[in-house]
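Enquirer: If you read the sequences in order, they're chains A and B.
The first sequence begins at 4 in this note's numbering and counts up one residue at a time.
The second sequence begins at 130 in this note's numbering and counts up one residue at a time.
Derived from the structure by calculation, the hints contain no laboratory data.
You may find that some hints are simply not true.
[Unchecked claim] Result set (DMTMM-like, lysine to aspartate or glutamate): computed pairs, CA atoms no more than 25 Å apart in a straight line:
| # | chain 1 | residue 1 | chain 2 | residue 2 |
| --- | --- | --- | --- | --- |
| 1 | B | LYS285 | B | GLU402 |
| 2 | A | LYS89 | B | GLU402 |
| 3 | A | LYS89 | B | ASP321 |
| 4 | B | LYS163 | B | ASP321 |
| 5 | B | LYS163 | B | GLU402 |
| 6 | A | LYS132 | A | GLU165 |
| 7 | A | LYS132 | B | ASP321 |
| 8 | A | LYS132 | A | GLU95 |
| 9 | A | LYS89 | A | ASP134 |
| 10 | A | LYS132 | B | GLU307 |
| 11 | B | LYS163 | B | GLU259 |
| 12 | B | LYS285 | B | ASP159 |
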Amino acid sequence: MALLTLTGVTKRFGGVVANHAISFQVSPGEIVGLIGPNGAGKSTLFDVVTGYYRPDAGRIAFAGHDLVGLRPDQVNRLGIGRTFQKLRPFREMTLLENVMVAVMQHTPLPAAARAEALTYLEFVGLAGKGDVHARNLSTGERKRLELARAMATRPRLLMLDEATGGVDQRTIPGLVALIGRLRERGLTLVVIEHNMRVIMALADRIVALHLGQVIAEGPPAEVVRDRRLVEAYLGGAYARGA
Amino acid sequence: MRRSTLVLLGVLAVLALALPVVAQLPYHRDLVIKVLLFGMLAQAWNILAGYCGQISLGHAVFFGTGAYTSTVLQMQAGLNPWLGLLGGILLAVILSQVIGYPCFRLRGHYFAIATIAVGEIVQTLALNWEMIGAGRGLSLPIRPDSLAAFQFHRSKYPYYYIVLAFLLICLAISAWIERSRLGYYFRAIREDSEAAASVGIPVTRYKLIAMAFSAAFVAAGGTFYAQYVLFLDPESAMPLSLSILICLLAVVGGVGTLWGPLLGAAVLIPLSELTRVQFGGTGRAVDLMIYGALLTAVAVYQPAGLAGLLRRAWGR
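Using the sequences provided together with the hints, build the complete structure.
Expert: Rendered as structure tokens:
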């Protein structure tokens with residue numbers, strides 16, 4: 004039984020079709036990598052699933068609930084956490100406060116929320132910076148903060164938009180290890196990622212988007228050899244030559 | 130935070146005790162009462178704008194609602210002004226939800242502009258509504274001095290203690306909001322409403338809650354004003370300039386802090402009275418010029434306001 008099921012999801016902006024009849028499933032405990040060139044519609048799809056955009060057509064089912072028409076906060080309370088490609092920490096709040104805000108839907112009292120938030124900061128390796136304002140963090144630290152904040156809402160499914168995008172090479176292995184440990188905690192993940200090495204290491208399955216459509220789907224080793232994917236990234240000539 | 134709260138309470142206690150010594154002239158007493166009243170209005174505005182980040186320039190509507198509700202109920206139904214106060218708060222809260230629900234679809238400047246428009250509409254309605262005296266205004270019936278009647282003529286000191294109590298209640302509830310989940314949610318919404326939604330915060334609902342608290346205290350201030358001045362008209366009880374003044378006090382004093390708005394009132398209200406005394410009727414706008422200059426200075430040099438300046442001076 005799939006945890007998340009997309010059926011024919013379509014999202015248009017005026018004449019531009021950002022997502023066209025996208026269908027796939029995510030099973031419990033799985034890590035699904037969502038890949039595709041810039042403009043393929045990956046982030047739009049995240050926004051559609053998490054309630055920021057309403058799809059023009061199609062159905063989205065999560066753990067027995069229909070997500071279409073729900074607000075982002077309702078989607079989150081059903082058990083989907085997310086991060087943003089363009090990181091959005093609460094800048095003028097401390098790290099601890101950033102995570103406390105997320106904890107509070109389950110643990111309303113500040114003192115208890117503080118203790119719980121600390122465990123998430125520890126998990127992502129930011130425990131020592133609890134009193135630092137979020138605006139003072141490096142990009143890598145912000146990624147970890149967003150992860151802690153999303154986890155703190157106790158989701159069953161975590162959707163990470165560009166897990167390692169924009170951080171320097173040395174920070175990537177730590178982030179990858181962190182994401183691996185999320186699975187050990189029983190989380191299901193959908194991860195948008197451009198770094199193929201990262202996605203090969205993490206994902207059980209890959210869904211490839213191009214121009215708003217699913218062009219390939221399957222185990223990583225198979226998908227990367229898919230001719231349509233190579234065409235999408237590099238153009239037709241390379242694929243024919245290969 | 131806790132130390133600054135104690136300092137604030139200390140200052141207020143001293144102020145409360147010192148008043149009969151310092152403010153013996155009616156003019157001084159009136160000034161102190163105004164500072165406390167506007168301190169409360171600015172803090173009430175701060176709950177919505179400072180904590181939750183929704184800049185309203187229509188808060189005079191709630192002030193007018195409080196002032197008119199208690200007055201009209203008193204004059205037409207003989208209702209006790211204290212019950213009228215509660216009625217005014219209730220009506221202002223309902224109105225705040227009716228105004229807030231559509232306006233909160235707008236972000237940033239557009240929300241502020243919408244609240245200006247609502248303020249102007251409500252004032253125009255009041256100017257033409259015969260039942261509440263239209264443009265002529267309402268003179269409250271004079272009653273013998275008593276707490277029950279909320280009127281004091283022989284000595285004005287009771288007004289001072291009442292407004293002090295209002296202010297303390299407003300500050301206490303603000304302090305509670307700051308420390309509770311409400312305050313955390315408000316600040317998260319101010320920082321980034323979309324990120325706030327992603328962690329399960331129903332953003333519009335919490336904006337409406339902030340608006341309700343804010344409107345309630347401003348309405349209480351409105352009733353106090355009506356009982357203190359004993360005359361109301363739309364030009365004095367709900368002008369745009371009042372909405373802007375409330376905002377300026379909080380901004381100059383320190384947006385998003387517990388004691389900044391009161392500090393702003395304590396500095397700017399005497400300043401405006403002073404210019405009025407200095408320049409008389411010809412200097413009606415001089416205080417606004419000074420406000421403008423101060424506001425520019427705050428925006429450029431110290432966005433955290435006077436409160437931020439003091440905090441820095443204290444080295445924390």
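Enquirer: Please write out, lowest number first, the hints stated earlier that are contradicted by the structure.
Expert: Checked against the structure, the hints that fail are numbers 2, 4, 11, while the rest are satisfied.
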